[in-house]
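Student: Residue numbers 1272 to 1340, in the numbering used here, belong to the letters of the sequence shown in order.
Hints may be right or wrong, so weigh each one.
[What the hints assert, rightly or not] Derived DEER-like restraints, expressed as beta-carbon distance ranges:
#, residue 1, residue 2, range
1, G1303, I1337, 39 to 49 Å
2, L1273, I1301, 31 to 41 Å
3, N1292, H1338, 40 to 50 Å
4, L1310, H1338, 23 to 33 Å
5, F1302, G1336, 43 to 53 Å
6, Y1288, H1338, 22 to 32 Å
7, I1301, I1337, 43 to 53 Å
8, G1336, Y1298, 12 to 22 Å
9, S1305, Y1335, 36 to 46 Å
Derived by calculation from the structure, the hints in this document are not laboratory data. C-beta: ideal position from N, C-alpha, C; glycine also.
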Amino acid sequence: MLLPELFQQISLLNPFYHGTNLARNVYYGIFGSSELFSLIYIISFAVIISIISVYLFNKIWKKYGIHGY
């Protein structure tokens, strides 16, 4: 049984989906534009999430008055 159309579209936002497809296609020797897009998507997602996590970490530390490293 297939997922509804909405869930299929949402799954395309998941970086694990792109990582799995990229690993599978590289393993089988399939190279094309979709692999390049997947690689760019994974790298940009990692950079954006890292920036957001550092921002939230610093904001929480300031909110609760935590000092020291």
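Student: Tell me, which hint numbers fail for this structure?
Tutor: Going through the list in order, the structure violates hints 2, 4, 6 and 8 and respects the others.
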